[in-house]
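S.K.: Please work from the sequences and hints to get the whole structure.
Chains as they are written, first to last, in my numbering: chain C, 1 to 312; chain U, 313 to 630.
These are computed hints drawn from the structure, not numbers from a lab.
What you were told as hints is all true, and nothing was included just to trick you.
Derived DSS-like pairs: lysine-lysine, alpha-carbon spacing no greater than 25 Å straight-line: (1) U:Lys629 - C:Lys81; (2) C:Lys97 - U:Lys334; (3) U:Lys629 - C:Lys138; (4) U:Lys394 - U:Lys365.
Rough simulated footprint, nothing fancy, chain U against chain C, three-plus residues with beta-carbon under 8 Å: (5) 54-66; (6) 78-88.
Each pair of labels, with its calculated beta carbon distance range: (7) C:His134 - U:His504: 48 to 54 Å; (8) C:Gly77 - U:Arg329: 32 to 38 Å; (9) U:Leu345 - C:Pro113: 42 to 48 Å; (10) U:Thr462 - C:Asn92: 25 to 31 Å; (11) C:Phe32 - U:Phe316: 35 to 41 Å; (12) C:Pro113 - U:His405: 58 to 64 Å.
All of these numbers come straight from a predicted model, not from anything done at the bench.
For each residue, glycine too, the CB sits at the ideal point set by N, CA and C.
Here's the letter readout for the chains.
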Amino acid sequence: MSSNAEVNKPAVRLEHVSKRIGRKTIIDDLSFDIYSGEVFGFLGPNGAGKTTTIRMIVGLMRMTRGNIYIQGHSIKGDFKKAIRQVGAIVENPEMYKFLTGYQNLVHYARMIPGISKDRIMEVVKLVELQDRIHEKVKRYSLGMRQRLGVAQALLHHPSVLILDEPTNGLDPQGIHDLRNYMHKLSREENVAVIVSSHLLAEMQLMCDRIGILQKGKLIGVETVSEFIEKGAAKVRIQVDDSRLAAQILKDKLAIDAEAPDETTIEVPVDHEKIPVVIDTLVISKIKIYSVRTVAKSLEDRFLEVTGGKSVE
Amino acid sequence: MSNFFGLLQNENMKIYRRSSAKVMIIIMLGLILAAGLIIKFSGDQPKDDPHWKQTLLQENKELNKQMASVKGNKQATDYFKKSIAINEYRVNHNLKPEQGETLWKFVEDAAGNLILVISIFTIIVVSTSIASEFDTGTIKLLLIRPIYRTQILLSKYISALLFTVVCLITLFIASWLLGGILFGFGGASEAHLVYDNGTVYQSSWTLAIWKDYLLNCVSLFMMVTFAGLIAAAFRNGGLAIGLSIFTLMASSIVVTLLQKFDWVKYVLFANTDLTQYTTGTPLREEMTLGFSLAVLAVYYVIFVLIGWAFYTRRDIKA
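M.R.: Given below as structure tokens:
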């Protein structure tokens, strides 16, 4: 995320958004901002409310309380202006199967003024469907449908792009291309991109910031690097005597370090406490050859935050 | 407004690109052809009568006698008066009555039955158009455009009614051509005689046929709107199609059963047949054309409001 994004007006703003269906609170007081030029990831176990939140952002579902603004326009009060800014795929990119890919795009192009035939062919080339675009969607593979879905979302140069599970059905090359394209859109055209995905490794590569949802509540919004570092990291230290070092840490700091071999200890410790660990070892005359933090993957951290619940 | 034209183009594309629309048109043409062939080869064409003027005058004498015998029955008297007046007009203006089936008679015969078929087709089209997008999930991509749901629903409704118009034009052209081929294009110039308040005049067959179409379409119009309401409210095409066709079929039985109650006049189907005020007799004496139109309008507004409210307000979870 570029640093000036913070001072910009948010591209999407959620203000105390709640959704109740019957007595059940699906979404509980959600507030956060998404800025132009960033890729924002929505993370959460199934049923956490990711899709419901996305549906409220695009106006498919009403909110019980609160408001959502897209480029300053309320999706409730000024639907047309707000939604004009948005291109989206909500869950699967369901297209009209009895029409050709091209007819599908013409269909969506007719709904927003100012989309020329050239623009349609431009997005077709972009998603590399030019060879098959005049075939019926019925005959498309899942990956091709996904790409057609991306094409319809980009037709009208949206300033906010919302992709729900965008890598579903894409092959590794397709995922790679989509990721590059999303980065290009956010960096060069200053588009705010919102993705939700259960592929955590994917999110780590794609997103600048992530918001974690659990049971309809926002647990936190952090940059990807913050998110990973903040958690209790592991530090791997090369020492002369690992058993002695582990004993010292246990006695003096009450930390259970592991000693996988003679010269290595692995210390589970918060980021800010690493200097204390090193100080303690140095004072106790342990020789230190190297100190390395073992970065946790987003997945480790995610499981930690959401209480080890399965993601899928 | 150009935006709305685009929506109509979209909905039309979605109606006619489905194979079901083609199948419907083919079924309709097949039915017209079958009807034509059955009429052509089942009944014998009567012989030409060279002394038709005498025959008509003879017939009028008979009719006058019969009319005298049913004195007091207004309906029957009117019928005889009409027949006699038309026969007299033919004799006076040297207009020989055509024997057997003619081109225009075939067009007229085809209208009554095929408009029922067109009703069913349009019910299927409107229900599919509104509800299928929820089944396939395409509704999500449809409603995230800068267009109000009201406009989307309206474009679907109007496109379905345009489908009816397309079917009617096809019906008219196909039955006219087939009528010409089977019964001779000579019949195209046949005079259409209209009896109105004691006087007889010639008018155009085309006009008469389209008036017939229009009157027959009242129940089509109401049932299509009803199907649209069910499809919009329950988002279930099968339910909308089934319920509407069932209601359409059961309507005449229900009205007949309820005929003796005076509140039957407020039932929708007691009012959909407007020919009861032009050529027939009203279901109940106190009913008038204005009354029926008012009842139809009330039902129509209720259907539209309920369908619209559900379509525009409910969350999309598909």
